[in-house]
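Undergrad: Residue numbers (our numbering), protein chains in the order written: chain A, 1 to 114; chain B, 1001 to 1468; chain C, 2001 to 2123.
Don't read these hints as lab results, they were simulated from the structure. Hints may be right or wrong, so weigh each one.
To be verified - Here are the simulated lysine to any residue pairs, SDA-like style, with alpha carbons at most 25 Å apart:
no.	chain 1	residue 1	chain 2	residue 2
1	B	LYS1136	B	SER1283
2	C	LYS2121	C	THR2095
3	B	LYS1147	A	ILE31
4	C	LYS2117	B	PHE1019
5	B	LYS1147	A	VAL74
What the hints assert, rightly or not - Which residues of chain A face chain B? A partial, calculated answer using Cβ under 8 Å:
no.	residue
6	VAL30
7	GLY32
8	SER70
9	VAL74
10	ALA85
Think of the CB as a built atom: it goes at the ideal place given N, C-alpha and C, for glycine as much as any other residue.
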Amino acid sequence: MQPTQNVLIPEVIQQIPLTYYIIISTALFVIGIIGVLTRRNAIIIFMSIELMLNAVNLLLIAFSSYRSDSSGQVFVFFIMAVAAAEVSVGLAIIVMIYRNTRSIDVGLLNKLKW
Amino acid sequence: MFPIVLLSVFGILLLFLGFLKSRAILLPAALLFLLVSLAVNFIDWNKTYLYFNGMLLSDNLSMVFTAIVLGSAFMVVALSGSFMEDESAQPAEYYGILLFSLVGALMMIGFENLIMLFVGVEILSVAMYVLTGSDKRNLRSNEAALKYFLMGAFTTGIMLFGMALLYGATGSFTLGGIRAYAVNPQVGLSLLFYVGLLMLLIGLLFKVSAAPFHFWTPDVYDGAPTLFTAFMSTVVKTAGFAALFRLLSISFSGVYTFWWTILAIITTLTLVAGNITAVYQNSFKRMMAYSSISHAGYLLIGLAALGQQTKQAIVFYSLAYSVATIAAFGVLLLVARQRNAETITSGGSSSESFDAFNGLARQNPLLGFAMAVSMLSLAGIPLTAGFWGKFYMFSTAVERGQIWLLVVAVLMSAVGIYYYFRVIIAMYFREGATAPIRVAPFYRYVLVVATLLTIGLGIAPGLLEGLF
Amino acid sequence: MNTSYLPSDYLPVLIQLLLALGFIVTTMIVTHSVGPKRKSQKKDDPFECGIPVQGDARTPISIKYFLIAILFVLFDVEVIFLYPWAVNFKGLGLTGFIEMILFMGLLLAGFYYVIRKGVLKWE
Chain A
1 MQPTQNVLIP
11 EVIQQIPLTY
21 YIIISTALFV
31 IGIIGVLTRR
41 NAIIIFMSIE
51 LMLNAVNLLL
61 IAFSSYRSDS
71 SGQVFVFFIM
81 AVAAAEVSVG
91 LAIIVMIYRN
101 TRSIDVGLLN
111 KLKW
Chain B
1001 MFPIVLLSVF
1011 GILLLFLGFL
1021 KSRAILLPAA
1031 LLFLLVSLAV
1041 NFIDWNKTYL
1051 YFNGMLLSDN
1061 LSMVFTAIVL
1071 GSAFMVVALS
1081 GSFMEDESAQ
1091 PAEYYGILLF
1101 SLVGALMMIG
1111 FENLIMLFVG
1121 VEILSVAMYV
1131 LTGSDKRNLR
1141 SNEAALKYFL
1151 MGAFTTGIML
1161 FGMALLYGAT
1171 GSFTLGGIRA
1181 YAVNPQVGLS
1191 LLFYVGLLML
1201 LIGLLFKVSA
1211 APFHFWTPDV
1221 YDGAPTLFTA
1231 FMSTVVKTAG
1241 FAALFRLLSI
1251 SFSGVYTFWW
1261 TILAIITTLT
1271 LVAGNITAVY
1281 QNSFKRMMAY
1291 SSISHAGYLL
1301 IGLAALGQQT
1311 KQAIVFYSLA
1321 YSVATIAAFG
1331 VLLLVARQRN
1341 AETITSGGSS
1351 SESFDAFNGL
1361 ARQNPLLGFA
1371 MAVSMLSLAG
1381 IPLTAGFWGK
1391 FYMFSTAVER
1401 GQIWLLVVAV
1411 LMSAVGIYYY
1421 FRVIIAMYFR
1431 EGATAPIRVA
1441 PFYRYVLVVA
1451 TLLTIGLGIA
1461 PGLLEGLF
Chain C
2001 MNTSYLPSDY
2011 LPVLIQLLLA
2021 LGFIVTTMIV
2031 THSVGPKRKS
2041 QKKDDPFECG
2051 IPVQGDARTP
2061 ISIKYFLIAI
2071 LFVLFDVEVI
2081 FLYPWAVNFK
2091 GLGLTGFIEM
2101 ILFMGLLLAG
2111 FYYVIRKGVL
2121 KWE
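Chain A with its partners taken away, still in its complex shape:
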């Protein structure tokens, strides 16, 4: 996929094709997904989710600079701020569970079953 307005994009950025960025952020994202699906420790699952969010940030910034459009970078700011809020709520939930069960293994959480 070639950017349309070549004039605005600095040559330094153009040296690496956009596809590379898409591939690396997809790879990061998939690593995150695998982490979420295979790990049993709540904190590590949580870290994998953060990795997914950062893959998205990387992708947005790459698109943003290739299009010389700042709205992608604005979105990144919002993702970072919201992710921080999510982190604090998530860690609070994990601490709450640790205080009740002395463990953060998600396999131990089986009170709710269909």
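For chain A, the structure is supplied; the task is to place chains B and C on it using the hints.
TA: Below, chains B and C without anything else, positioned relative to chain A:
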């Protein structure tokens, strides 16, 4: 726009009101704040404005959705009186978080830019994670919160990746920009666009608990305190469908042929999974969770068969569903509390099972009647609002000629009648030792209003027509 | 600018990589084999200024540390909104200034709530 600003300020005010000695002021204050927000919502009636540099749209449709969301929230808060008597409860924080979460819901209803959608979804979800886990000493509540949080954050990641890909393909986050790209592509739609659309849809479908992304719903609804379950199953669902409708009808109507099959398959899965599993439940609360999945399925019919009538069908259905659900959970709250008081001494069956309703109608005719009407409405029996909701939904499918979707939906609503009638049979025809339950006056008003609204809309469904 | 590179152009990168890896591996092996080895119970204990070791490292830590860490994350990240505003300060003018004051006001309201809740009291 006015409700969003006001609710943010009111939420902070409520937090600070919590520092006062007396807790009695909190509930009236929260109700007053919600009423004021509901009133200012209609300032822009019949006008269409873009607010915040084109970030947020305010038109009649968004105002109607806002009214449904705020009305449901008002009823839920009105039911909270006795719940907050608990010493360990922190009502100021609960009400504050509820008001903040409504801000998120309203952003989802009126978003004009994907950034707004993301922020709205997150405000709503993060608030819900907290409320789900608000019963801190209860392991079930803890577990529900962690599950909801991990899965919710995971799908947020997927939804964001979808948004990023859409941005890469279209170069814009605005609904109009994406629409312009989808309707008139210069060199054909890129692969990024399709993948992005799918991932964005997955994220939103998770939030409205459509199958196969529904696995969190029963656990979370079951584990959360009942009051917040009522809030989640009405406000979150309505806001989610408003967002899905905006997204699909504005940005992606040009590529309808691409997504309608996928959505139709998901609809079928949701209807089947929700209704069939609900039959096997022994806990009323869990049954309501599966029932909410099945209702997500009915609402999805309107989207899979996107057309002229979809708007009206979704509005009517979400109103009918919200009112009936709140009444049902309201009765459950009272019954479960009564049962808990009894079982502490005797150690009987779970307070939220179907058995808890045995013989309810004899001693408590009002509670029995309210529950019966809401069950009839959820089952879609004529003369209730739920019937017309289903009727409108099914007619959208007929309009698009999607007969097989219609057949599945009709079959599944027949299954639905079975489990809704279990409650009615338990209440009216089973013997039970339910003592008369004391119902606070305000509580009674909510139940009466919900019942009247359900019957009123069932007799005169035309009341809502022409509103938007 | 030259946009197509031959594989041989990456040779310096490869050499650098090998050098870096080689240095690490060599030093690890050499220190391991050259250094004297004396093992005893005392040596394997974690160092604690001569005081006997008590319990293991996973003792419960006071919730206060956790709360302050969380609050730090929350208030720290909001600073990212100040950067674009500071860069465009002149362009945004008075409206931008008022908006930023509103934003900071909301944060301060949250901060006031934190103080009133007594989270920052360290007793």
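Undergrad: Indicate, hint by hint, whether the structure satisfies it.
TA: Taking the hints in turn, this is what the structure says about them:
The suggested pairing of B:LYS1136 with B:SER1283 holds, with an alpha-carbon distance near 22 Å, which does not exceed 25 Å. About 37 Å separates the Cα atoms of C:LYS2121 and C:THR2095, which puts this hinted pair outside 25 Å; it is violated. In summary, the hint linking B:LYS1147 to A:ILE31 is supported, as the alpha carbons are separated by about 21 Å, within the 25 Å threshold. Distance hint between C:LYS2117 and B:PHE1019 is fulfilled; the C-alpha atoms sit about 8 Å from each other, no more than 25 Å.
In summary, the hint linking B:LYS1147 to A:VAL74 is not supported, as the alpha carbons are separated by about 30 Å, beyond the 25 Å threshold. Interface hint at A:VAL30: violated, since its Cβ lies 10 Å from the closest Cβ of chain B, which is beyond the 8 Å cut-off. Checking A:GLY32 against chain B by beta carbon gives a least distance of about 7 Å; that is within 8 Å, so the hint holds. Annotation: A:SER70 was flagged as interfacial toward chain B, and the flag is violated, the nearest CB pair being 11 Å apart, outside 8 Å.
Below 8 Å, beta-carbon pairs count as interface contacts, and A:VAL74 has one with chain B at about 7 Å; its hint therefore holds. Given hint, A:ALA85 at the interface with chain B, holds; its Cβ is 6 Å from that chain's nearest Cβ, closer than 8 Å.
Consistency with the previously given hints fails for numbers 2, 5, 6, 8, ordered from lowest to highest.
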